[in-house]
Amino acid sequence: MRRAFYARPVLEVARDLVGCVVEHGGCAGVIVETEAYHDSEPACHAFVGLTPRTSTLFGPPGVAYVYRSYGIHALLNAVSEPAGIGAAVLIRALEPVAGVDAMFARRGVVRVEDLCSGPGKLTQALGIELTHNGTSLASGPIVFSPRPAAWRGVQVSVDRRVGITKAVELPWRFCAADSRFLSRRVRVARAA
DNA sequence: CATGGGATTGACT
DNA sequence: GTCAATCCCATGC
1 MRRAFYARPV
11 LEVARDLVGC
21 VVEHGGCAGV
31 IVETEAYHDS
41 EPACHAFVGL
51 TPRTSTLFGP
61 PGVAYVYRSY
71 GIHALLNAVS
81 EPAGIGAAVL
91 IRALEPVAGV
101 DAMFARRGVV
111 RVEDLCSGPG
121 KLTQALGIEL
131 THNGTSLASG
141 PIVFSPRPAA
151 WRGVQVSVDR
161 RVGITKAVEL
171 PWRFCAADSR
181 FLSRRVRVAR
191 AA
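1 is the number of the first residue of the first sequence in our numbering; add one for each residue after it.
No wet-lab data here; the hints were simulated from the structure.
This list has only true hints and no planted wrong ones.
Here are the in silico distance ranges between beta carbons for each label pair: (1) GLY26 - VAL48: 35 to 45 Å; (2) PRO9 - ALA105: 35 to 45 Å; (3) GLY134 - ALA177: 31 to 41 Å; (4) THR131 - TYR70: 10 to 20 Å; (5) ALA149 - ARG2: 11 to 21 Å; (6) ARG184 - GLY153: 23 to 33 Å; (7) THR51 - PRO171: 21 to 31 Å.
On a predicted model such as this, the values are computed, not experimentally measured, just so you know.
Yeah, the Cβ is synthetic: ideal placement off N, Cα and C, and Gly gets one too.
Using the sequences and the accompanying hints, generate a full structural model.
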């Protein structure tokens, strides 16, 4: 997708990225789970303002923001909203569609459901590293492309974000309904 | 310069 | 269900 796709409200970008394709390292997968982050809320790294770490988030949209989580995992985000606004979409899970053998080799698991069903898993499966921070999602090496025809009308479920301690109430997680490749099940809304 | 806290995962009880 | 691994960076002295 071009830059204009990402230069929109991050909630729209997060929803619209479900069903799109991510390619890297000879592998590809369809995005089945995303989360939105915005500098107006404390769960977002950009909440603290412009620092060396957050400069990617405040930069131009359509760029990869990759950072290390828990000292171990690289997490992939798509910088969104116009430059000057710190916002990004976290890619949390993929349905593997190409290069599955390479994914198994990188992951060392036996079930296809374990390849990309989490934000740290999918970066390992695709060989995405911290050095990809700041690279264009249009020209690569990580490339995002529009929904294949079969995903054009995908049903998207909404849920609260996973693994955060602040702004936990915001319904900013978007999942392909009924996908078996999610990092966790969508929590069904409880009756009031 | 020292400290502390994670947008997680996998191994283990 | 619990818990440690491990590193980047924001913050505070």
